[in-house]
Amino acid sequence: MSEAPDPAPAPAEDPPELELILEALLFISSDPLNLQELAEATETDAMTVAGALQELAKRHGTGRSGIHLRHLAGGYTFASDPIAEEASRRLFSRPRAAALSPAQAETLAIVAYLQPVSRPEITRIRGVNADSAVATLLDRGLIDQTGRSQFGAALYRTSGLFLKLFGLTSLEDLPKIAKWDPTPEEQSQLRERLLRAGDARAGVNPPGAEEEG
Amino acid sequence: MSEAPDPAPAPAEDPPELELILEALLFISSDPLNLQELAEATETDAMTVAGALQELAKRHGTGRSGIHLRHLAGGYTFASDPIAEEASRRLFSRPRAAALSPAQAETLAIVAYLQPVSRPEITRIRGVNADSAVATLLDRGLIDQTGRSQFGAALYRTSGLFLKLFGLTSLEDLPKIAKWDPTPEEQSQLRERLLRAGDARAGVNPPGAEEEG
Amino acid sequence: MSLAAIELDLDVFSGPFDLLLALVLREEIDLLELELADVVLSYLDHLEARGELDLETATEFIVLLAALLELKSRLMLSSDEEQMLDIEPEQALEELLARMLDARRYRGAAEHLIELLSGEQGVRFRCAPLPAHLRRTELEPQEGSLDPTILARSVGQLLRMPPVINLRHIGVVRVTISERIAHLRGLLARGRFSFDEAVRDADRMTVAVTVFALLELYKRGEADWEQNEAFGDISITAREAQGAERIAG
Numbered sequence: 001m002s003e004a005p006d007p008a009p010a011p012a013e014d015p016p017e018l019e020l021i022l023e024a025l026l027f028i029s030s031d032p033l034n035l036q037e038l039a040e041a042t043e044t045d046a047m048t049v050a051g052a053l054q055e056l057a058k059r060h061g062t063g064r065s066g067i068h069l070r071h072l073a074g075g076y077t078f079a080s081d082p083i084a085e086e087a088s089r090r091l092f093s094r095p096r097a098a099a100l101s102p103a104q105a106e107t108l109a110i111v112a113y114l115q116p117v118s119r120p121e122i123t124r125i126r127g128v129n130a131d132s133a134v135a136t137l138l139d140r141g142l143i144d145q146t147g148r149s150q151f152g153a154a155l156y157r158t159s160g161l162f163l164k165l166f167g168l169t170s171l172e173d174l175p176k177i178a179k180w181d182p183t184p185e186e187q188s189q190l191r192e193r194l195l196r197a198g199d200a201r202a203g204v205n206p207p208g209a210e211e212e213g
Numbered sequence: 001m002s003e004a005p006d007p008a009p010a011p012a013e014d015p016p017e018l019e020l021i022l023e024a025l026l027f028i029s030s031d032p033l034n035l036q037e038l039a040e041a042t043e044t045d046a047m048t049v050a051g052a053l054q055e056l057a058k059r060h061g062t063g064r065s066g067i068h069l070r071h072l073a074g075g076y077t078f079a080s081d082p083i084a085e086e087a088s089r090r091l092f093s094r095p096r097a098a099a100l101s102p103a104q105a106e107t108l109a110i111v112a113y114l115q116p117v118s119r120p121e122i123t124r125i126r127g128v129n130a131d132s133a134v135a136t137l138l139d140r141g142l143i144d145q146t147g148r149s150q151f152g153a154a155l156y157r158t159s160g161l162f163l164k165l166f167g168l169t170s171l172e173d174l175p176k177i178a179k180w181d182p183t184p185e186e187q188s189q190l191r192e193r194l195l196r197a198g199d200a201r202a203g204v205n206p207p208g209a210e211e212e213g
Numbered sequence: 001m002s003l004a005a006i007e008l009d010l011d012v013f014s015g016p017f018d019l020l021l022a023l024v025l026r027e028e029i030d031l032l033e034l035e036l037a038d039v040v041l042s043y044l045d046h047l048e049a050r051g052e053l054d055l056e057t058a059t060e061f062i063v064l065l066a067a068l069l070e071l072k073s074r075l076m077l078s079s080d081e082e083q084m085l086d087i088e089p090e091q092a093l094e095e096l097l098a099r100m101l102d103a104r105r106y107r108g109a110a111e112h113l114i115e116l117l118s119g120e121q122g123v124r125f126r127c128a129p130l131p132a133h134l135r136r137t138e139l140e141p142q143e144g145s146l147d148p149t150i151l152a153r154s155v156g157q158l159l160r161m162p163p164v165i166n167l168r169h170i171g172v173v174r175v176t177i178s179e180r181i182a183h184l185r186g187l188l189a190r191g192r193f194s195f196d197e198a199v200r201d202a203d204r205m206t207v208a209v210t211v212f213a214l215l216e217l218y219k220r221g222e223a224d225w226e227q228n229e230a231f232g233d234i235s236i237t238a239r240e241a242q243g244a245e246r247i248a249g
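These protein sequences, in sequence, are chains C, B and W.
Going by this note's numbering, the first sequence opens with residue 1, and the numbers climb by one from there.
Going by this note's numbering, the second sequence opens with residue 1, and the numbers climb by one from there.
Going by this note's numbering, the third sequence opens with residue 1, and the numbers climb by one from there.
Read the hints as simulated data drawn from the structure, not as lab findings.
One or more of the hints may lead you astray.
What the hints assert, rightly or not - For the chain C half of the interface with chain B, some residues (derived, Cβ under 7 Å), not all of them:
hint	residue
1	I21
2	I67
3	H71
C-beta: ideal position from N, C-alpha, C; glycine also.
Input sequences plus hints: build the corresponding full structure.
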């Protein structure tokens, strides 16, 4: 290979297809891949793969690329160049936006005002499967499981962290709903009203009947 | 893959540090990153980042690399070259996004164009119940819930994953819905045929004839 | 004219609007001669074969065809009777037209999306967790960083009742096929009854859905009927009972 005196360097020859495929596989996989796996995936043999990886390593060497090819115990994997360490910290260690998605906010609100409350109840009120929202809220430590209902469904309540993050001293401090209540004159219990509204949205709405009435 | 490989290619010059850092950041992040985020992380400005990305895109172009730089869902991200799809299927058990059923595609189209939109509205437009299509699209992460309508019906919008999987930078990339408008001729033809069915009462009234008592 | 006679490939229709649109646009089809009940049955058979039939969908489909039927029915009504119709024909027509065109637009958009997706076939993304050292630097969310009013507002939204639906302009009456089938089965228990009796004091939509329920029972082999003259009363007989009579006779 000749040195390029030209300030605009001529493009390097395109790598062979096998090398491109290996590059893509290593990129997609979050775990290291060994020669055997790569050979089976590309329907070739380990020797050929090893040769292609050697070429690939050149393109992904220090200074050439921000993505390095590394050979670990478990096989080959791509890793980011340590040169990007500082920038990664700035990018990924920002305080995580603590905002709740609408589905999470809704689920959390139901738990906060009705606790203890079961998942089927949450689903019935929201009209959408609540599994993923409940899982996220559990993950974030905003709700806890607290025993089971008489039918065996897990019951949820808000956590201490919940109070902290919302700046509340106790559940007594939860804001009054009246201000947002469409029919504040309604006398029945909140739980019953929420379930009724959920049922009405789910079942009684005839298809083809538009919302606007 | 290349049209005319240079018989004696010169090795490309090593890319500048900023380009390497950007490459590493895009590799680490599982979400697309926009110019602003990249500029802040690298402590430079969006213009400089855009320039470096242009160079990076050359190294990650078709035929050059198995990892392509794409501008999707409002930011930049790396994606695999489809050339590796067959090998990926052999290697990973997780399949690539499955195709959409006609019902799902229609529901997704309605959400994409009318968002935020409620299930009753979708049902009204499709003429058939959209519940299962909506549930599947939620499950697949192509749509999200975003608040509620004034009557409490859940509202849906498309997700970032939708843009990513469909190769869109933003919703602006979708053609105007008017693209599928019927021509005025088609419209009047349709109206006429419907009118004829309604007006031809007792089969006696040709158009323009007097109304029978 | 039956649906089979006009050779419609039902597989190409994603919904009732689609089907209606095609029917209306087929120049060679005279809507007035088309047996809508047959269209209904064929379409439902088709849905059933695809494993997508639910009574909800079936009812919705009836409602749509009813709009077409409404237009068609003007043929058979005297003008006196027509005064009783509660919607303007132009209004019904414009409504139907607008909905058909809307459905068609989104079907076009849907095809576009399917194309986009297939164009991206084979494109995969990396989905790996952040390297451990970067994860550790994730900051604890701050105390009091969330606004409790979002909770009250969320509950307020969930308390909203859907509006009572005004059906006047479409003339939709909520009556399901399953309800009418149950009603007819009740009457069938007696062995024989007249259609007029089955729909006494019923509104037009109920009558229409009852006809469909009757067709369904016929299809299932539970009932037979007889109509001696056009527009005459229909006499309905339970299949088994009829069989029994034959044996007896």
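Practice problem: Report holds or violated for the interface hint on I21/C, using the least CB-CB distance to chain B and a cut-off of 7 Å. | Solution: holds (4 Å)
Quiz item: At a threshold of 7 Å, is the proposed contact between H71/C and chain B supported by beta-carbon distances?
Solution: violated (18 Å)
Quiz item: Hey, does the I67/C contact hint survive, CB to chain B under 7 Å?
Solution: It holds, given that the least Cβ distance between I67/C and chain B is near 5 Å, below 7 Å.
Consistency with the previously given hints fails for number 3 only.
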